[in-house]
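Colleague: Which chain is which? The protein sequence lines are A and L, in order. All residue numbers for the first sequence refer to the numbering used here, where the first residue is 1 and numbers rise by one. All residue numbers for the second sequence refer to the numbering used here, where the first residue is 1 and numbers rise by one.
Errors might be hidden in some of the hints.
Claimed, not checked - Calculated lysine-lysine pairs in the BS3-like style (CA-CA distance at most 30 Å, straight line): (1) Lys-105(A) with Lys-47(A); (2) Lys-382(L) with Lys-51(A); (3) Lys-58(L) with Lys-212(L); (4) Lys-363(L) with Lys-105(A); (5) Lys-47(L) with Lys-58(A); (6) Lys-51(L) with Lys-171(A); (7) Lys-51(A) with Lys-170(A); (8) Lys-171(L) with Lys-2(A); (9) Lys-2(A) with Lys-115(A); (10) Lys-382(L) with Lys-47(A); (11) Lys-264(A) with Lys-105(A).
In case anyone wonders, no lab produced these hints; they're calculated from the structure. All values reported here derive from a predicted model rather than from experimental measurement.
Number of protein chains: 2
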Amino acid sequence: MKATILSVGTELLFGQITNTNTVFLSQQLNLLGFDVMYHYTVGDNPKRLEKLIHMAFKDCDLIITTGGLGPTQDDLTKEIACRALGDEMRLHQPSMERLETYFKKQNRKMTENNKKQAYMPSRAIVFENHAGTAPGFALEQDGKHMICMPGPPREMTAMFQESVLPYLEKKSEGVIYYRMIRTFGIGESMLETKLLPLINEQTDPTLATYAKEGECCLRIASKRSTKEEARNAVDDMLKQVREIIGEYIYSADDEELVQVTAKKLMEQNLSLSSAESCTGGMFAAAVTSVSGISKIFDRSLVTYSNEAKMQELGVREETLKTCGAVSEETAREMAEGLFQITGSDICISVTGIAGPEGGSPEKPVGLVYVGAVYRGKTHCRKIQMRNVNRNWNRNYAVLSMLDLICKLVDEK
Amino acid sequence: MKATILSVGTELLFGQITNTNTVFLSQQLNLLGFDVMYHYTVGDNPKRLEKLIHMAFKDCDLIITTGGLGPTQDDLTKEIACRALGDEMRLHQPSMERLETYFKKQNRKMTENNKKQAYMPSRAIVFENHAGTAPGFALEQDGKHMICMPGPPREMTAMFQESVLPYLEKKSEGVIYYRMIRTFGIGESMLETKLLPLINEQTDPTLATYAKEGECCLRIASKRSTKEEARNAVDDMLKQVREIIGEYIYSADDEELVQVTAKKLMEQNLSLSSAESCTGGMFAAAVTSVSGISKIFDRSLVTYSNEAKMQELGVREETLKTCGAVSEETAREMAEGLFQITGSDICISVTGIAGPEGGSPEKPVGLVYVGAVYRGKTHCRKIQMRNVNRNWNRNYAVLSMLDLICKLVDEK
C-alpha cells in the first residue's frame, strides 16, 4: 500500500523544530511493508491542508498526519480529514470522559475549547492518548485510509506503538518482525563484506547495515503471515550472523553500549571507578546517565594536566617524561594508581590525543590507550582511531572503555 | 514571495536520515522575508518529482530543491527542473574545468557519468560547490524561480551562504540583518513578558524568543534597504533589550555558554578545576570539548560516592551526616577541599539530585548547590530546577556552574 506522511504545523515551516516525526513514521511504515511515496508539510491553514490531502490520495491509499489536533481555533486537521473522507464530527463520549478525568487530576478547569478535542468523525476508530489530551483516530472510506495523530513526538510515538501499529499490521499483508543488532569494533564496510553471502542469498529475512556514531547496527527483518514465523526466521538468521561476527555484537535488542555495560556491572555487583584524560569526563558522564548507577559507580578522576596525573593517581614523572602522557605505561599507571585509591572491582583508565592539535608522526591524533585493573591483573589496549573530529574521537574512546569492561567481565 | 522547499532522495522516504536541510532553509528563507508555504519530499523518481514542481509553482514563485544532483542515472533533479522551466541542458565549460581539476588533485580518473555534473540549463546562473563535485544553480522563467542545490548538508549550507544568499537577497525587497541573543537564568515566558512592550510596539526590528535546552534565545531581526541600516536598527534595539534583561544575556553572537566561559578564562589566563557529584563528569566533558582548554583546565574530581567526597576532597563525615551530600555545606567543602589540592584560580563544585529517584519533600529532585572558591572567597548558589528529566537536570546544573564562573570573573 502506498503512503504519504503529512505534517501539519506552522512552526515547521519557520524551521523552529526539526521534523523527527517523519523520520520515525517513515522507518515504521517501511518496516510494515508500506511504500512511503511523499512527505508533505503544511502550516495551520485549512485550504492548503485540504488541497494536500486530495493530492496525496491521488497516488496513495494511506495518509498519516501529525499535528493540528490541539484545542485552539487553528488546530483543524481533524475537521479537514473528516470532510475529505465524507464523514461528520460528533461528540465522542469516552474521549470526553477521559478529558474530564485528566483535568480533574491536574486540578485544572476544563475550558470550552478543550471540549473540541472530544469531537471525532462519527465513523472513526479512536486512539487514546496516554501522554497528552488530544486523541488520535483512523478513518476509512472506499479503500482510502487516514490516520491522524498529535504532533508532540512523545505523544505520537506512544500512540503509534500502542494503537496505530496494531491497526496497520492488519492492513499490511503479513506481519513484520525485526531486531536491531548493535556491534562495536567493526566498520560498516567490513561488516557488510563479512555478511555479503547472507545478504545476497536472502530475500527474507533482509539484512541492512547502518553506521552510527562510532558503531555499526544491523537490522534483521522478516515479513511472514504470523508474528511467530517472522520471529523464528529472524532468530534463525541471527544465529548465522553470530557465527560470522559474534565477537563484535554487544546487543541484539538495540540497547546502548553504556546500558549493556552498566547492567552487567549492576547484576554482578561489580564496583567501578575511572581515571580519564582525553575523554575529559565523558566516560563518567555516560556511566552516570544510567539511573541507579550510584550503587556501583564510585568516582572518576579526570586528570587533564600531567600534574593532576601525578598528584591524583601517582603516575611517575619519569614515565611521563620518557614514555609521554599518551602511552601504554601511563595508561597502566593511571589504572593501577586508581586501584590503590579506590580498590574498585574494575578500575579503568584512558589517555589519548583527541585533536585537532597535539598529534605527531609517531603519535598521531586519534591514538588512544585504554587500561584496566580487574581481578589483580592490568590489561591495556592500544587503539588508533580514524580521527573524524575531536568529539567523535572522544566518544569512540569512551566506547572503547565500555567495550573493554564488557570483554573482561564476560571472560570470567 | 512564496516559497516551497523540495527535498529529493529515496533515503529520506526510508527514514534513513533526518531532513536537516529543510530546517536550515526554512530559517534562512523566513529571515530573508520569504513565506515558506510547503515542504515536499520525494524519492529519485522523475515523474513524481516533475508533478511536485508543477504543483508547487501553482501557489509559489520560488522552489528550492536539495538532492539529486549526483553523477548517477537516478540523479535527475537538474534535468527535470530544466524541462519544467522550458530550458535545455548544455555543457557548462567552467564546471567541466573545475571537475577535471578536482579529479586531477585527488589523483582519480574522471568517469563518463561524472561529466553529467558539468551539464547545466543553458540560462542557469551556476553556483560553484567548494565542498563536493555537484554545482548548483538558479533558473528563472516568467517570474518563477528555481534554485537547485546538492543534498549533503555540508555542501548545501556552504553553497547557500556563499552564493544562494546573495542571489536571494537581491530577489527579496530589502536586506535582513539579525543577531541571536543568548540568555541563561530566565524562562521563556518571563523573557517574553519583560520584553512585551518592545515586542508589541515594534514591526521592525522584530523580536522572537526561542526556548533551548535549559536556556532561552532571542532573535532581533531587521529588514531595511541596506545592510548597514538594518544592523544599526538591530544594535539600537539590542541596547534597549540590554536595559531590561541585560543581566541574563551572556552572548549577543549566538555562542554557547561553555565557549563564552572558556574564552573568558583563557583570555585572562585563569586556571580552573572542578569537583562534581550529580553532573557526573558532564561539566568536565563540556569544558574539555573546547579545543586548547588544556592551557587552563587542570582536573575534575567526579566524587560520586560519599567516600570519594571525603577521600578526594576532604568533605567531613560530620557534614555529610548532618547536612547531607546535597547541601550548601557540602558544596562549600567540596570547592574548598578542591582548592587545597589544586590551588586553581577558580575551583567550582556541584552537588544535587538529578533524579528520577533520590528526592524527598525537603530536598526534591532538581535541587542543586553550586559552590566556587575564587580570590580567597567561597561562593554558593542554591538552585531549584523544574525537574524535566535526569539529563535535562544534569545539563542545567552544568549551565549553572558555567554561569556562576562568568558572573564571578566579570565582577572584577
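Colleague: Now, for every hint given, state plainly whether the structure supports it.
Modeller: We went through each hint and held it up to the structure:
Annotation: proposed proximity of Lys-105(A) to Lys-47(A) is violated, straight-line Cα distance about 37 Å (limit 30 Å). Annotation: proposed proximity of Lys-382(L) to Lys-51(A) is violated, straight-line Cα distance about 54 Å (limit 30 Å). A threshold of 30 Å between alpha carbons decides the hint, and for Lys-58(L) with Lys-212(L) the separation of about 36 Å lies outside it, so the pair is violated. Under the criterion of a C-alpha separation no larger than 30 Å, the hint pairing Lys-363(L) with Lys-105(A) is consistent with the structure, at around 24 Å.
Simply put, Lys-47(L) and Lys-58(A) have alpha-carbon atoms about 14 Å apart, close enough for the 30 Å limit, and the pair holds. Simply put, Lys-51(L) and Lys-171(A) have alpha-carbon atoms about 28 Å apart, close enough for the 30 Å limit, and the pair holds. Between Lys-51(A) and Lys-170(A) the alpha-carbon distance is near 28 Å, which keeps this suggested pair within the 30 Å criterion. Using a Cα cut-off of 30 Å, the hinted pair Lys-171(L) and Lys-2(A) is violated, with the two alpha carbons roughly 38 Å apart.
With a C-alpha separation of about 34 Å, the suggested pair Lys-2(A) and Lys-115(A) falls outside the 30 Å cut-off, and the hint is violated. Restraint check for Lys-382(L) and Lys-47(A): not satisfied, since their Cα atoms lie roughly 52 Å apart, outside the 30 Å limit. Between Lys-264(A) and Lys-105(A), the direct Cα distance comes to roughly 39 Å. Violation of the 30 Å bound is thereby established for this hinted pair.
Going down the numbered hints, you'll see the structure goes against 1, 2, 3, 8, 9, 10 and 11, while the others check out.
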